[in-house]
Every structure is written in C-alpha cells, then in structure tokens.
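Trainee: Protein sequence lines, in the order shown, are assigned to chains L, P and B.
Quick note: the first sequence, position 260, residue 295 per my numbering, numbers continuous.
Quick note: the second sequence, position 208, residue 254 per my numbering, numbers continuous.
Quick note: the third sequence, position 82, residue 283 per my numbering, numbers continuous.
Hint data in this document are derived by calculation from the structure and do not stem from the laboratory.
The C-beta atom is built at its ideal place from N, Cα and C for all residues, glycine as well.
Keep in mind that the hints are not guaranteed to be accurate.
[Unchecked claim] With a straight-line cut-off of 16 Å between C-alpha atoms, the simulated EDC-like cross-links for lysine to aspartate or glutamate are: (1) L/151 x B/480; (2) P/217 x P/76; (3) B/305 x B/378; (4) L/298 x B/329; (5) B/305 x P/117; (6) P/159 x B/329.
[Said to hold, decoys possible] Covered by chain B, according to a simulated footprint, are these stretches of chain P (three or more residues, beta-carbon under 8 Å): (7) 110 to 119; (8) 137 to 147; (9) 160 to 172.
[As the list claims (entries may be wrong)] Incomplete in silico selection of chain P near chain B, CB under 8 Å: (10) 128; (11) 130; (12) 155; (13) 214; (14) 274.
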Amino acid sequence: MFDQIIQFLATGLSIGSTYALVGLGFAIIYNASGVVNFAQGEFVMLGAMSAVGLLGAGVPYPLALLVAIVIVTLVGFSLNKFAIEPARGASVVATIIITIGASIFLRGAALLIWGKDIFSMPAFTGDEPIQIGAATVVPQNLWIMGITVGLVIGVRYFFDKTLIGKAILACSCNKTAAGLVGINVKLMLLTSYGLSAAIGAVAGLLIAPIAFTSFDAGTMLGLKGFSAAILGGMGSSMGAVAGGLVLGVLESLGAGLISSGYKDAMAFVIILAVLFFKPSGLFGFKSVDRV
Amino acid sequence: MTILQAVNLDKHFGGVAAVTDLSFSVTEGEIYSVIGPNGAGKTTLFNMLCGYYVPNGGSITFAGKDLAGMETHQIAAQGISRTFQNLQVFYNMTVLENVMVGCHMRTHTGLIKAALRLPSVIREERQVREWSMEALELCGLEHLADREAGSLPYGELKRLEIARALASDPKFLAMDEPAAGLNDTETVEMRQLIQRLKERGITILLVEHNMGLVMQISDRVLVLGFGCLLAEGTPQEVQNNPAVIKAYLGEDV
Amino acid sequence: MSRLKGFYVYAAAVALLPILFPDNYFVTVVGATILLNVILAVGLNLFIGYAGQISLGHAAFFGIGAYSSAVLTTRFELNAWLAMLVGLGLVYVVANLVARPILKLKGHYLAMATLGFGIIVNIILVQESSWSGGPDGLGDIPTLSLFGFEIDTDLRWYGTIAFFSLAAILVSLNIIDSRSGRELRAVHGSEFAAQMMGVDTVRTRTNVFVLSAMFASLAGSLFAHQQAFVSPESFGFGFSIEIVTMVVLGGMASTFGAVFGAIVLTLLPETLVVFEDYEMLIFGGILMGGMIFMPQGLFVFLTQKIRALLHRRSAPSQKSQDAQKTLECDS
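Given these sequences and hints, build the entire structure.
Mentor: See below:
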C-alpha cells in the first residue's frame, strides 16, 4: 500500500510538473496584463505538435525541439499583438471570450494542419524504466521534473534579477507609472506573452512522449494549469508552480486510491474548494476595492 | 433629539489606527460636518456607518437601534442614505433610472410579480416615476431625465447621486465631499441644495474640505485628526479652538 | 404598446416563417434549434448582460434539465410535463446551493468557479452510467404530449419551442422594465451604491442566477424530448461557451441582442460547414474579431450604425462616458 502511494507520488510529481509549467505560463500573462489566457493550453499542444511535425519532416531531434519552441513563441507574440492589444480596455467577459476564441482558433489551425490523429513522440533519452526506491519511472519523468525545476529557477531569476523581468513586474503593478519611467509597456507585454508561450511549448515537449498529443490535447491541460494557478494564488508565479505540483499529486493519489473515472474532476473540485474558502490561493494576495 | 450616536469607535487596518476612541452624536434635523486633513479617518468613519467596514470596537446607534452586524442594505433600510466621494453612479442606466433605483426600499415588486407584470407592478412603476421626477426636480435635473447617466458632466453627476439618495426618502443623509471638484458657481448651487434638503427635515452628516461651505451651512462641526476627536462645536467655536488651529496651521515657534 | 414592439415583431416573424416556407427542414429543424438557443441565451443574458456577472458552466443546468426529463420519463415512466417540473425544481435547489459560495466571487474567479461546476456536472453525467447511460447516452425518450395531442412532427416541435421562447422573451422584457430589472442593472453598475439604496445584492445575484438556470433547465427538458436522446457531449464546456458567446456577441444587456446572438451563433456553424476543415479556425477567428471590434455586441453595433445612418448623428453616450472616465482619472 505504502509502495503504491510512493508510485502515485512519483507519477503525481511528474504530471504535476507539467501543470506547474502551464500554471506558470498563466501566472506570467495574468501578472503582466491582467488577462486570463484560456489559450495557454494550446501553446502546450502546439509545442508538441510542431515538434512531431518537424520530426516527421526529417529534422534532427534537438533542432526540432528548439524550432518548435521558437514557433510557439512567435504564436505567443501574435496572440498579444493581434488579439489582446487591440482589445486593451475591454471588460473581463470580453477578454475571456477573446482568449477562448483564440484557443478555438489555434485548435482549428492544428486540426487543419495535422488532422484528428493522435501522435506520439520519442522520449528525450529513451524509455527504459528506472527503479527509484518503490517507484518505477521512465527517464522522461526525470527530464520533466529536472527541466521544470531549472525553468522555474530561471524564471525566478529573470523576474528578480534582470532589468527586463523587473520592467515586466512594474507593468503589472501600474502600467501608467511604468510607462512614465520610460518602460516600453507594449514591448514588455509582448515579451511576457512570448515567454509564457515558450514555457508552454516546453511543457508540451516534455509531456508528449508520455501522454501523446493531438489537436485537442491542450484544452484539459490548459484548464488544469489554470486550476494550478488559482490554487497557488493568481498573483504569484511561484504559487502557480506549487499549485501545479500539489494538483498533480492530489490528482494522482485520488485517481489511484479513490476513483480513476473522476480523475479529471479532482482538479475542479480543488478549484472550487480553493475559491470558496481561500480565493487568494495558497500564496496569493487579497485585493480590496476602494470606495 | 439625538438621531445618531457613535460611542468609542475604533478601527484599525493591521498596524494602522484609522479611527481611535471616537464618540459623537448628531441631533435630528441638523447639518453636522466632519472635517480634518486627509487620512484623518473621515471616509473610514463613513464606511463604518454604512456597514462597509466593521468597527473593531465601539458602537453606532441610529434612532435607538444598534447598527452592529447589519449589512449595508439593512442599514439603508433604517433610513440612512449616502453619496460617494468617488462617484458610484449607475452609468449603465439613464438619469431617471438611476433615481428610480433610489425608490427600491419604498416598493415591493419581486421577480415573479415583475415577470407576470401584474397590475400592481404597473401601478408601482407609475408611483416610482413620480417620486423620482420629484427628486430630480429638487436637484434641478428633471430636464435630463432620459439622458444616459454617462453623458452628464461631473457637477450634474454629483447632484444625480443626491437625487438618487433623496428618492429613498431618507431620515439621514451622509454626504462624502459633495463639493469636491466643483467650481465656485456649482459650489453655491450645492450649498443651496443642501439647505433645501435640511428644510425637508433630513439630518445631514457632511464630510467636506471646502471650509467656506462647511462654516456657512453647518450647525455643528467635528474636527478629526489622526482618527481622534480634536474638537467639536459650532463653526465659531471650532474656528477659535487652539487645538484645531495648531492642527491646520501649526504653532508659533 | 411600444414597450413590446420588439416582442410582437419577433412573434410575427416566428409565426410567419413556417407559413412562408412550408415543409422546409431549415425552418422547422434549424429554426427549432435557434428557438431553443433563444431560451438559453435570453435567460443567461439576465445574469451576464444585465447583472454583469459571468458563468462558463450554464450547460450544466441545461444538462440537469435534460437528464431529469430523460431519466424520469424512461426509467420511472413519469409524465413528461411533471418530469420537466421536477427538473426545474432540482435546478432551483442546485443553483441556490451553488450560488451561495460561488457568487461571493467576481470576475475571473467567478468564471473559473462556474467553469469548474459545469465540468464536474458533466463528468458526473459520464461516470454515473447506471442511471445516466454514461458516455453513450440515454435514448428512447418519449415525446411530449398536450391533452392527448402528441408533439411528434418537426412542425409541432417548432411550434412548442416557439411558444416557450416567446414566454422566455416576455418574462425577460417584463423583468427588465421593473424594479427587479433596475435592481439587476444597479448591481452591475455599482454594487456598493446598490446596497446603499437598500438592494440586497447577494440575494439579487442569487435570484437571477437561479432564474437563468431555470430557463436553461426548461430548454434542456424540451431538448431531451425533441431529440429523444441525450448524451453528456451536448452538455459540456464547449456548449457553455457557445451560450455565453450568443449573449456576449449578440449584445449584452439587451434581450433582443441575446435573441440575435442565438440566431447568428446557431446559423454560423450551418454556414461554416461549407468551409469543412476550416470551420473551427474561422469560428475562433470570428469570436476574437467580434469581441475586439464590437465589444458591445453585434446587435447593439448594428442598431447604432442604423440609427446613425437614419439620424446622421453619432451616439454620444459611449464617447462621453469614456471622456467622463478619463476626467475622473485626472482629478
């Protein structure tokens, strides 16, 4: 029984890392522009699908991964430039519809280019199972967790120590003030969308060898990544990461110990619980209306 | 006769003491002004009165009833209404519709009756229109009744808020900086409007920075400083109070 | 009565269509779907458009209504109209329960909570196959009958659903033009000011949420009997988004905006089918484009343009409202 739990934990941390990355992508865009990007899951899907397409065209493996990330980053830029920026002052409802429209658009594009098939992708370094204590994992699981840790540290460094990172944070606090001190707000927002898309693409590349991919693989993943961000607290990037890991583990434990049919429901029950009892999430901030 | 009584009010936000041990009472029918520098606790006081903030200590009694634990709409039902420093106009409605919302507590139609549009509903609508036009007339806005609220200039929006509050037939009106942002002519009109409200028997609690206005129309003035009571009395008394002078102008060295 | 001008036009159009185009599949079948979506959109519009809230999970109520009718009439052989009432009652209870915690949230959080609720209901419909029939759905649902008169042809279904859509529109119009309607719009305009005018905003938002849920439930019950088959697919996140889009793209805070949105969004896939593989892509594009360029909705956009054309004067309110807001930022 204990061994089983260790296994569930291992699987949970692995899938949780993916949720963490998707959640991180959500948090970055939300922090920078106040927009909840319902198309985040599509970045993940496009990362994986592009790589699959490139590999199929004979591009060498490492190059395919790199080009896939670049392609999705460009998609992220386009989303900001053509859909979000023109609708700057729009209401919450309108912005939600726009990003949902974007997600449908991207899914439609994927459907057009790659059809309805499900694709698999070779793992980074093969799929010989490895025994770690009571848990059996494949090398890809280790890649997922390792690269996630690396990316999170990198993103943390980016926002804490680099000028661009701080400039983006400034935009999220107060766009007008940021603009007044010489920050190119539009460029910063563009950058944050690109960064978010790139992170999403990496998540897609990491998970595709294990979970396969298809044109609509992004939807559920996006929603769960969003749950992770809410669990962690929408104002906090690191919170989103923590939220993702917690979500992955809880989902895995729930599926293994309680019921696998309701696995997907787990994420949403958790969100509802968080939203009802502590909407600011595990690490987020409360906001107060000024009257 | 005392209509509003505040006793030992305390409100702090984390480490910041916004209001400390504040006690005062307002007599029915008077214009009672609260003045003090920014950050003195005036808006905090207002928000406690309206149930938006819960006091950490002390009590507020209105017409003999303790307002503790009441939600904002319940406090409104006691006969208290309010205008806002940052306009809270319903921009998504016309001027008349804004004021008609003010009549909410004087009417009863619920969803079901409204859906069926019973004769009582039609009668009520007519009555509400009458009351609303009356309130608009008192505030000099009746000719703008069908305009979108968003198209009105600032000065008229301030009067719209008053008309809306008036439509609820309040016993007590708390006005949060009604003269803010008004030019001299508009300020005179505002003073006359407040005067008309008093003549209708409404007790008025006024927060204002415009000293001229305050000293001209107030029956009594409360001076707040750092959340505490600095002075209270007639405009004359307050103007000559050394503590007040020190707070506003400093001391001779 | 000029107040019901639009209603009469709509009623006339709905009545005339099957007469002008008899035996037309497009009118009776697609038309019936449009009319069903009208009920959904008009109901949701009260919540989203007028009260200014958001719900990304309303397909759940559509589903609860549909499955209540389906299960009660097939497994328990309950009278179809009674089953519909039970469905309404069930939705009344569920919506009230769900409203208490959910409606404390605003904006994105509310959107997410309603989304979560909708997906959980959908998953339950898929998992509990013992009574729901699981992913394969539930079939052989008997049809409705009125005083022995069976509603079993396309035309009769068209008529039945048309009747309910007229009722839905009438109720919506009546509510908007009343104390309740002003209550809703006040909550949207400024919740604090509404409270200060004595409006119990929590109860208001709960009531309109429950009402819009019941509209959806009614539509669901009709749907179940009309199709004689239900499966969880029709009641998922995708459809919740479709209904929201009808309201938002059609035009918020406008009953006929919602009607218009329902018409356009039902016809759109029918026309887009021509583009085959490009359908999803174009649909997504239209959603984005629509919201970016016509945020007040297609209906309001078109009526403004027509009015401008007729009066050669542009609508002042939006501009001066923006100017007003800029003023306030500066002061």
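Trainee: When the structure is checked against the list of hints, which entries are broken? Sort them ascending.
Mentor: Of the numbered hints, 3, 6, 14 do not hold.
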